[in-house]
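Peer 1: Protein sequence lines, in the order shown, are assigned to chains A and B.
So the first sequence is numbered by our numbering: it starts at 5 and just counts up by one.
So the second sequence is numbered by our numbering: it starts at 34 and just counts up by one.
Worth flagging that the hints you see were computed from the coordinates, not collected in a lab.
Computed from a predicted model, the values in this text were never measured in an experiment.
No incorrect hints appear here.
Cross-link-like lysine to aspartate or glutamate pairs, in silico, EDC-like; alpha carbons within 20 Å at most:
| id | chain 1 | residue 1 | chain 2 | residue 2 |
| --- | --- | --- | --- | --- |
| 1 | A | K141 | B | D55 |
| 2 | B | K870 | A | E143 |
| 3 | B | K712 | A | D101 |
| 4 | A | K105 | B | E153 |
| 5 | B | K712 | A | E62 |
| 6 | B | K582 | B | D560 |
| 7 | B | K667 | A | E62 |
| 8 | A | K107 | B | D150 |
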Amino acid sequence: MWPVWWLVPVLLAAFCAADTDPQAPGLYQIEGRLMKMERDPDPEWFRVAFITVTGGAETHYGFPTADGSFVVSNLAPGSYVVDVTNPRYQFEPVRVDINSKGKLRARRVNHIVPSEVTQLPYPLKLRPLGPYQFFLKREQWRITDILFSPMVMMMILPVVLILVLPKMMNDPETRKEMEQISMPKYDMPELSEMMTSFFGSGDKKKGAKPKKKQT
Amino acid sequence: MVVLKYLVCLYLMIQVQALYEDQAGKFDWHQQLMGRPQLVLSSESQPLVVATEQNVLAALNHQTGALLWRRVLERGAAGQLRLLLNSDGEVVTFSGPNLVRVWSAPTGQLVSETALDLPETTGQTFVLSSGARELAVVHLSSPRSELHRMSVGSDQHTTESLDTPWADGASCVSGRETLLCRHSSQLYVLSVGSARSEITAVPLPPAAAAPAQLRHLGSDLYSATGAGRLTVLRAAAGGVTTVREGAGDMACLSGPDGRQTIYVGNNKQDKVVPAVQFESVSLSGGPTSAPTGRLQLSTRHGPVDACHVLTAPGSAAPRILLVGSDDAVTMIQLGDGVLWTREESLASILAVEVVDLPMSANQVSIEEEFGDQAADPISALLLRMSSQWGQLAALAAGVVRPTRDRAADVNHLTRDSFNTHKMVVLVTAAGKVLGVHSETGSVLWAVPVAGLSPPPAADSVVLGLQRGTAHFPHPPVAVLLSGRLLVTFNPITGGDLQAHQLPYEPTQASLLPHADNTHLKPLLILDSAGAVHVWPESAESLAKSLHSKLFFYTVDVKSSTAQGSAVNQALETVPSWRLDLGSQGQTIRRVLAKSPHERVHSQGRVLADRSVLYKYSNPNLVLVLADAPDPVHKHSTTAYLVDAVTGHLIYSHVQRRVRCPCHAVHSENWLVYSVYNEKARRTELTSIELFEGKVQANASAFSSLEAPPQPMVEKQTFIFPTQIEAMRETITEKGITTKFIMFALTSGSLVTLNRALLDPRRPLTPGRASMEEGLPPYTPELPLPTVNVVNYNRTLQHVSGIVSSPSGLESTCLVFVHGLDLYHTRVFPSNMFDQLKDDFDSTFIVLVLVGLIAASAVTRRLSQRRALQLAWK
Numbered sequence: 005m006w007p008v009w010w011l012v013p014v015l016l017a018a019f020c021a022a023d024t025d026p027q028a029p030g031l032y033q034i035e036g037r038l039m040k041m042e043r044d045p046d047p048e049w050f051r052v053a054f055i056t057v058t059g060g061a062e063t064h065y066g067f068p069t070a071d072g073s074f075v076v077s078n079l080a081p082g083s084y085v086v087d088v089t090n091p092r093y094q095f096e097p098v099r100v101d102i103n104s105k106g107k108l109r110a111r112r113v114n115h116i117v118p119s120e121v122t123q124l125p126y127p128l129k130l131r132p133l134g135p136y137q138f139f140l141k142r143e144q145w146r147i148t149d150i151l152f153s154p155m156v157m158m159m160i161l162p163v164v165l166i167l168v169l170p171k172m173m174n175d176p177e178t179r180k181e182m183e184q185i186s187m188p189k190y191d192m193p194e195l196s197e198m199m200t201s202f203f204g205s206g207d208k209k210k211g212a213k214p215k216k217k218q219t
Numbered sequence: 034m035v036v037l038k039y040l041v042c043l044y045l046m047i048q049v050q051a052l053y054e055d056q057a058g059k060f061d062w063h064q065q066l067m068g069r070p071q072l073v074l075s076s077e078s079q080p081l082v083v084a085t086e087q088n089v090l091a092a093l094n095h096q097t098g099a100l101l102w103r104r105v106l107e108r109g110a111a112g113q114l115r116l117l118l119n120s121d122g123e124v125v126t127f128s129g130p131n132l133v134r135v136w137s138a139p140t141g142q143l144v145s146e147t148a149l150d151l152p153e154t155t156g157q158t159f160v161l162s163s164g165a166r167e168l169a170v171v172h173l174s175s176p177r178s179e180l181h182r183m184s185v186g187s188d189q190h191t192t193e194s195l196d197t198p199w200a201d202g203a204s205c206v207s208g209r210e211t212l213l214c215r216h217s218s219q220l221y222v223l224s225v226g227s228a229r230s231e232i233t234a235v236p237l238p239p240a241a242a243a244p245a246q247l248r249h250l251g252s253d254l255y256s257a258t259g260a261g262r263l264t265v266l267r268a269a270a271g272g273v274t275t276v277r278e279g280a281g282d283m284a285c286l287s288g289p290d291g292r293q294t295i296y297v298g299n300n301k302q303d304k305v306v307p308a309v310q311f312e313s314v315s316l317s318g319g320p321t322s323a324p325t326g327r328l329q330l331s332t333r334h335g336p337v338d339a340c341h342v343l344t345a346p347g348s349a350a351p352r353i354l355l356v357g358s359d360d361a362v363t364m365i366q367l368g369d370g371v372l373w374t375r376e377e378s379l380a381s382i383l384a385v386e387v388v389d390l391p392m393s394a395n396q397v398s399i400e401e402e403f404g405d406q407a408a409d410p411i412s413a414l415l416l417r418m419s420s421q422w423g424q425l426a427a428l429a430a431g432v433v434r435p436t437r438d439r440a441a442d443v444n445h446l447t448r449d450s451f452n453t454h455k456m457v458v459l460v461t462a463a464g465k466v467l468g469v470h471s472e473t474g475s476v477l478w479a480v481p482v483a484g485l486s487p488p489p490a491a492d493s494v495v496l497g498l499q500r501g502t503a504h505f506p507h508p509p510v511a512v513l514l515s516g517r518l519l520v521t522f523n524p525i526t527g528g529d530l531q532a533h534q535l536p537y538e539p540t541q542a543s544l545l546p547h548a549d550n551t552h553l554k555p556l557l558i559l560d561s562a563g564a565v566h567v568w569p570e571s572a573e574s575l576a577k578s579l580h581s582k583l584f585f586y587t588v589d590v591k592s593s594t595a596q597g598s599a600v601n602q603a604l605e606t607v608p609s610w611r612l613d614l615g616s617q618g619q620t621i622r623r624v625l626a627k628s629p630h631e632r633v634h635s636q637g638r639v640l641a642d643r644s645v646l647y648k649y650s651n652p653n654l655v656l657v658l659a660d661a662p663d664p665v666h667k668h669s670t671t672a673y674l675v676d677a678v679t680g681h682l683i684y685s686h687v688q689r690r691v692r693c694p695c696h697a698v699h700s701e702n703w704l705v706y707s708v709y710n711e712k713a714r715r716t717e718l719t720s721i722e723l724f725e726g727k728v729q730a731n732a733s734a735f736s737s738l739e740a741p742p743q744p745m746v747e748k749q750t751f752i753f754p755t756q757i758e759a760m761r762e763t764i765t766e767k768g769i770t771t772k773f774i775m776f777a778l779t780s781g782s783l784v785t786l787n788r789a790l791l792d793p794r795r796p797l798t799p800g801r802a803s804m805e806e807g808l809p810p811y812t813p814e815l816p817l818p819t820v821n822v823v824n825y826n827r828t829l830q831h832v833s834g835i836v837s838s839p840s841g842l843e844s845t846c847l848v849f850v851h852g853l854d855l856y857h858t859r860v861f862p863s864n865m866f867d868q869l870k871d872d873f874d875s876t877f878i879v880l881v882l883v884g885l886i887a888a889s890a891v892t893r894r895l896s897q898r899r900a901l902q903l904a905w906k
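Taking the hints into account, I'd like the entire structure generated from these sequences.
Peer 2: The structure is reproduced here in structure tokens:
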């Protein structure tokens, strides 16, 4: 069962393969077309783009004409990888196999399983996948990043404690509540107490008056 | 969960080295080159189009010499440009064996392409053209040659067979309708103008005798130059007539048929400045009104070889394009001077040495402060105060005169504070030595060296730094050995150049690692008779005292043998080992030792169980890559690891059905090499790492003579997704930073890859131990994300080498890539860990500081008022 199913795509590939007239005995050419991007913001890349055809030791070059069609000649039978070099868009490389009779077959490049054949149309149609991402994005400065960073949180929390707690102490009801809670008394003068007495009375005159009017 | 952790780990490993968009062009520069022009085409309405010996078709701006567009063809004969024509505003080229291409002159876009139906040939190919579309291709070989006539765009094709028994060893030049060949004392003219071609043999005019070089001038005129004499010949179907004979070094032709003028140039010397004297000769007879003149060229350039007249007479003074023997391309206007110059010898770099710039007086005083440990505190304080005063003065001077361009003056070059600016010393195949500033890419000095070109073999040029810049008052000295020619010079200024012809044939040369009492490292030269010579000869006693530590190895690529030898008391070599691969049918493709400048930071690797696996750090280890045809597997490639002192074969690894091109890097205790797998039709990287084991035989030094037992060898092979042109590892000052490998690809990218991804100890199945060590699991295909492309959109073509050098910062490695493009950049393999990042927000910090100071001032004032009010209560 297995071998038969394996053979089907291979045979299909052989039938579908395009016939080319050999341009010299034993040498063949790969034809294709480089597709432009629709609404391309920078069409300049197309002028400098070229096609590389690599197979083993040697590299052949092809150059697209204004409509994108290209021909790479003088290729001996073998397997080649066709890729587009340009500074702007990324392309998917295509493997083209030329057998000793000059039949051509294009397929997807699969380095891990070289025997797997995913047929692609021939003559080649090379379309850009998308622009190259050569650069990393810089992190943007946002106010929330600063506010929620642990350092800032650590700074804000004591400020809140220092400014808000004395006001709660000034409120007579809370003071009563606090007095009800029996706290062990220390003789030692505490720094926080000194701070609250120092700042707390100052805030009373400035900040407390408008609040009373509202309530 | 484990898998996820691995993916994160792998992702972090891949994405270490990357650029931000605003960093483009900040540390890097790029220069596009074209090579030595061979064919030149110009018209007044179009850019100047040239075809070069490096198989590049390029267009230049007439006024500035700037490259407008460039098309790079295949290397070697497959891309050789044989014909360049102008046809209705388009450029027609014939390249390779049979390709006719038509290009648009203003943009370089291909208009049409035809592959002519020509049979393959073993002989030389010449292309003649009687019109823009009528071509005659001659396949010249002995005893019979073939002439194919064809017209582009139609199927017409006629073939003629010609009797050419003289073709072997003939030197030929193709013109428009004639092919002129010289063989011993005869000139042969093959004329294709009429329907039937004919060959005429005439005796050689005496002035065009053997060493003279033939050139085609235009229409049916040729020049033969040699030994200061120049003969202009007119070759036609009937034979050859001499038009002019006299002194001259080059000739070029201008004007339409019938009213032609020949400009004859003579190389002169105005004291030391080279100059060209032009005189014009009218062919129609009678006096010529064309201007003549004498032009001084720069001392950076050698004598001129060829010239091309660019504009028609009748307009102002003619413009002439000069091509120097040192590949410099100069555009001159007669009577006006030099318009522009391009340094095209940079397209054929053979050897590179990166030299530190000298330290400034301030830096020296700071070094002294830390260098003298035993100084008493008061003198140390005085030294510090004086050095800081110097720094302050330098800062003030920089503020007062900020625009002074110090980089342009070679005598005042100084190191920057992180030693990232260097002098790149280059030796080119055109016989020129140049100094390029690594920060700007500008050529600071250039010296054509007579007798250096052509080099005997590309890899036989030895360039070394005998004395660096750190030994004031001794000047730095670099040494260059090419064939029998030995040149010493100052690598910073290009001055003090001295050339010597050696009386023996050098086969191997290397710098002695020990310096003599003037801090000069002597050059040891092994000659073909097996004797060792020392340069300078005064250091012979030093070499003799070290003879027991000297060992040589030589590799003969032709016979594929490597042999090693020890050195005796009389500085003669005693053969000690021999590795003969040629007798087994193998061909040595690559030999690679470790970089002598490399420092290994850590002696071992800590494993998950907290034990240490010690590295096998043998400095004498050499990798030899050889391939051989295999009856069963087509090709097989073998990697040999040889100890160059003892000849001990430490390891060998055979791969079947793979072949070269092989590229390799060799560093610390690991090496990586690339091969092409013919069966799977992909490039593969094999990574080998050597360990001594859990105990170290000798912790303080490695000796090949008392070598530890066979090392443990770890190896793995990975798939590399594209084809490699060159590869090199990063190198940093102390070797602490992670090693990356840089690959130049055929697509023109320079990609970096973390060495940890090529670690041969990557496990097949992930486990706790490998996770703790930070080893990602084995994946067959290596990832090459586009953010790792360090040259972003600046394509580098036909890369011939990558040079990496350390900077003063441990995080930073300087990279110089040469080929048809020159590219220099900095890479940060472990990111900038010892430097503030570019995006370090100094303004924010300053704002916060100012805000805090203001807030403290305000609160202080408030508290003072409060205290006063309290006191009044």
